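Asker: Sequence:
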Amino acid sequence: MSTQDKLPDTFDAIVVGSGISGGYAAMELCKKGYKTLILERGRDVKHIEDYDTANDDTWDLPYNGRVPKEEIKKHYFKQDRLNWWVNQDNKAFVNKDDEYPYDEIERFDWIRGHHLGGRSIMWGRHCYRWSDIDFEANKKEGVAIDWPIRYADIEPWYDQVETFVGVSGQAEGLKQVPDGKFLKPFELNCAEQDFREKVNAQYPERVVTPGRIANLSEYDPEVHLGTRGQCQTRNRCWRGCPFGAYFSSQSATLPVARETGNLTVRPFSIA
1333 MSTQDKLPDT FDAIVVGSGI SGGYAAMELC KKGYKTLILE RGRDVKHIED YDTANDDTWD
1393 LPYNGRVPKE EIKKHYFKQD RLNWWVNQDN KAFVNKDDEY PYDEIERFDW IRGHHLGGRS
1453 IMWGRHCYRW SDIDFEANKK EGVAIDWPIR YADIEPWYDQ VETFVGVSGQ AEGLKQVPDG
1513 KFLKPFELNC AEQDFREKVN AQYPERVVTP GRIANLSEYD PEVHLGTRGQ CQTRNRCWRG
1573 CPFGAYFSSQ SATLPVARET GNLTVRPFSI A
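Residues 1333 to 1603 in my numbering are what the sequence shown lists, from first letter to last.
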């Protein structure tokens, strides 16, 4: 990967942003031989090296992991409206609202992080396919315009991306959330098993199933390229994963793009 100090003069493609979409686009372009420049408005974040709190216990963090109310009120008054999001272990990846303001006509909770990898470092990792219920909704409900595609058009692309990303889950045959290319699901704990049994007993038509998440319950180095490994179920994903067990630009797409020799990343790039 080229650095800012040695930027080539020309590129075949320029990708703005390095989050989930930008990282994936850059990887595909680089694999096809295109010299590709990523323009990232924020700082560089190096995989593993810059996950400063990844191995800290909560009691080792200031204020037992919480952020003081005064700091929330000053810097994270929008980012923390979900009432759980901003903590000592992840605030380095969360924008300060007073430094990056945005206007709201109506309330709009916009979780943002301006750094290499963007929200791919701190996303919720749940991955559900749209079905024709979604693609046909506009037409049936008379809202906006009809989608020009249907599930059958996008299904093979879902297959391709899910295989690379690594999505764990249980096939259930649900028409509203089609099954995908799943790794084995994470096991339900005893409370979840008891909940499923009680739901099945009272509401047999309803389905309780493990979340479909981009955490590697199984790791195949031939498929899950980059710097990845099996999930250790530590429940510290939002800090950045040193195992590369969940899908992010840092763990997956950017390493693959770098290996081609076609990638240049320029952080701190904004007009």
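Quick caveat, the hints were computed from the structure, so don't treat them as lab data. Be a bit skeptical, because a hint or two may be false.
[Claimed, not checked] Below, in silico cross-link-like pairs of lysine-lysine (DSS-like), each with a Cα-Cα straight-line distance of 25 Å or less:
no.: 1; residue 1: Lys1378; residue 2: Lys1363
no.: 2; residue 1: Lys1513; residue 2: Lys1530
no.: 3; residue 1: Lys1423; residue 2: Lys1405
no.: 4; residue 1: Lys1378; residue 2: Lys1406
no.: 5; residue 1: Lys1507; residue 2: Lys1363
no.: 6; residue 1: Lys1401; residue 2: Lys1471
no.: 7; residue 1: Lys1401; residue 2: Lys1428
no.: 8; residue 1: Lys1401; residue 2: Lys1367
no.: 9; residue 1: Lys1507; residue 2: Lys1428
no.: 10; residue 1: Lys1471; residue 2: Lys1428
[What the hints assert, rightly or not] Here are the simulated distance ranges between beta carbons:
no.: 11; residue 1: Gln1564; residue 2: Glu1381; range: 29 to 39 Å
no.: 12; residue 1: Gly1365; residue 2: Asn1470; range: 16 to 26 Å
no.: 13; residue 1: Leu1393; residue 2: Thr1565; range: 14 to 24 Å
no.: 14; residue 1: Glu1381; residue 2: Ile1486; range: 32 to 42 Å
no.: 15; residue 1: Pro1433; residue 2: Asn1470; range: 28 to 38 Å
Values in this document were obtained by computation on a predicted structure and should not be read as measured data. The C-beta atom is built at its ideal place from N, Cα and C for all residues, glycine as well.
Asker: Which hints, by number, does the structure contradict?
Answerer: 2, 4, 5, 6, 8, 9, 10, 11 and 12
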